[in-house]
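J.: Here the protein sequences line up with chains R and P, keeping their order.
For the first sequence, the working numbering begins at 12 and goes up steadily by one.
For the second sequence, the working numbering begins at 12 and goes up steadily by one.
One or more hints might be untrue.
If you want the footprint, here are the derived chain P segments under chain R, 3+ residues with CB under 8 angstroms [what the hints assert, rightly or not]: (1) 29-41; (2) 174-181; (3) 281-290; (4) 296-308.
It is worth saying that the hints were derived from the structure and are not from the lab.
Since we're looking at a predicted model, the values are computed, not measured.
For each residue, glycine too, the CB sits at the ideal point set by N, CA and C.
Number of protein chains: 2
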Amino acid sequence: MTHQAAIALGQSLRVLSEKPDDSAALVAADVRIGTHTDLAALREFAKGCEAVTFDHEHVPTAHIAALAAEGVKIYPGAEAILFAQDKQQMRERLAAMGAPVPLWRAVSSAADISDFASTVAQARGGTGWPVVAKAVRGGYDGRGVWMLGGLEAASDLVSTGTPLIVEEKVPLRRELAALVARSPFGQVAAYPVVETVQQDGICVEVLAPAPGLAEELAVEAQQLAIDLANELGVVGLLAVELFETDNGIVVNELAMRPHNSGHWTIEGARTSQFEQHLRAVLDYPMGETSLTAPAVVMANVLGGEPGGMSIDERLHHLFAEDPGARVHLYGKQVRPGRKIGHVTVLGDDMTSVRARAVRAARWLQEGS
Amino acid sequence: MTHQAAIALGQSLRVLSEKPDDSAALVAADVRIGTHTDLAALREFAKGCEAVTFDHEHVPTAHIAALAAEGVKIYPGAEAILFAQDKQQMRERLAAMGAPVPLWRAVSSAADISDFASTVAQARGGTGWPVVAKAVRGGYDGRGVWMLGGLEAASDLVSTGTPLIVEEKVPLRRELAALVARSPFGQVAAYPVVETVQQDGICVEVLAPAPGLAEELAVEAQQLAIDLANELGVVGLLAVELFETDNGIVVNELAMRPHNSGHWTIEGARTSQFEQHLRAVLDYPMGETSLTAPAVVMANVLGGEPGGMSIDERLHHLFAEDPGARVHLYGKQVRPGRKIGHVTVLGDDMTSVRARAVRAARWLQEGS
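So here's chain R without its partners, still in its complex pose (with noise of 0.2 angstroms):
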């Protein structure tokens, strides 16, 4: 999708993919296979590119410094995105800032977890449990996230050795995500605030903008997410994924990249995020983040079971359904559960709007 907004601008990207069959590689004119924790792998790819960024956040701080140190234009920078790939470095700046975050800890015994389910019980009422643990590094829609009924398991999540924090389980009302773009010039712009839908920890829904969020609260994310950026140094997106309560929004996540909370972009946004991320790794100004329709539903279509109805076939089938449902397949292997593409509706009403989404995903998913 980067690659789509590549080149409208007139650019073409170079790839460095693990496999010649990884998505971006199968459309992409100049792939270089390697891997992103090759040190000499990404200086020899960095050569004649004129900028790097990433499309994940795994990338070693100490590689992406080196390049730096090195001339090569690679952003978001070390200093930023080590708060997108490490929760508690993320968790103790965020506080420090006076940033709204749960109450956290970073643990490394039973005892520790149990402490800190007291405290939780003390500052919020009840036991304290469950709590949530999280290791500190390389989760992923909701890999590295665990719920702790209590200390028999916080035992045997300790003794896999996985460096963890802990947080309380923060009394949602729905998840929200605020979506940003900062350039090296320090321009920021922000796009409307979208509720997110989870579920079995996967987001499987993007609501833009989110309903009924009254608008100091959203006027609030967008400037706490656009307070990050600045403080961070972010260039490129940042998403910030928020838990909305009763008390106001809590900072969930943190990423840097072209987020999936901000696939609704591509048609429902004046400036997709992709277009933006580049325009801002560029150091171009950044382009109009308005919608492009009083309603846009992003929803994603997740790996079904193998066997039944090719994508093909159930793509006919949509497309004849649905004349105006906007596909993204990613060309990847269908495996059940693993996102697979994405499908946005954009209309004047949210409940119709997002029900042919919803159905349009389903059918790619299941052919039924």
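Since the structure of chain R is provided, determine the placement of chain P on it from the hints.
T.: Quick look at chain P alone, frame taken from chain R:
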């Protein structure tokens, strides 16, 4: 731009390109160097392709027919594309269908042309001059079209040996274009009729929808395009370039490919012409063609005089001045007068939208 649309459908284009630095070759993953007049190259190219199509109409019909006979799904077919390649065949067929065409004649001498002028004078009054001469094959962007003031100019042109037809100079109010797409199944989808603004024979602006066009004339133009697509058996896009006169519409030219008069659809219609063309040649149901905003204007960016600010610098300034302008650059070498990109602006008011689009395109063209 077709590659951008292909990516969304989970497809990747294979491109047959004469040079490695042709626009499409710069961005696609699978590029074969070869020429469209070489049947062996086409045959080799088509191996393993789901479907084969063109972004110009210069592939010899004999080659298209040969590949189709060998089982290649190649669209539009030879019987259809003939009428976009050969203006004489097109005029004969349209006249036989009863479609609205100007007075015309195939000519082989200056005397023929002079005789034709007399016929025009008799039918329309006046002297019958100037007469519009067109090369039967190969014209593009004003090339291959001559305005003949009298017998001397006619003699000069005939002496070049170019096969010619001549047409009356239609007293037009403005130019329109009706764009449709047709699938092998026979489904046809029609876009809103647009106004095209020409300068020196080159399209410089497209206004969607055509401002102030009477509903009945719009429907007539759409119906005409649908009838032509069906009658000629077009698969893929058909752009019907029209003259609007005091007595209704007259067909000027046909194009069977993603067409400059449809570039506005990338952001301005629910389904872009590029995706629509792919849907047609892949035999998917057609996508929704409705406008995404009340007023959409596309302005072409022509190559300016060399020197001065780079395109990159101009883009910086444009993005700062108009964050909502949608820019498409084609990665072409800049030559004066060559189409190197386009800008699309969307909004509620045609006058202001048009002013923004023209200003943006002029800025990219002239840097001032």
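J.: Hint by hint, note whether the structure agrees.
T.: Verification of the hints:
1. Look at the region 29-41 of chain P against chain R: 5 of its residues bring a Cβ nearer than 8 angstroms to a Cβ of that chain, three or more, so the hint holds.
2. Residue count for the region 174-181 of chain P with a Cβ under 8 angstroms from a Cβ of chain R: 0. That is fewer than the three needed, and the coverage hint is violated.
3. Only residues whose C-beta sits within less than 8 angstroms of a C-beta in chain R count toward coverage, and the region 281-290 of chain P has 3 of them, enough to reach three; the restraint holds.
4. Using a Cβ-Cβ cut-off of 8 angstroms, 7 residues of the region 296-308 of chain P lie near chain R, which meets the minimum of three, so the contact claim holds.
In the structure shown, a violation is registered for the earlier hint numbered 2 alone.
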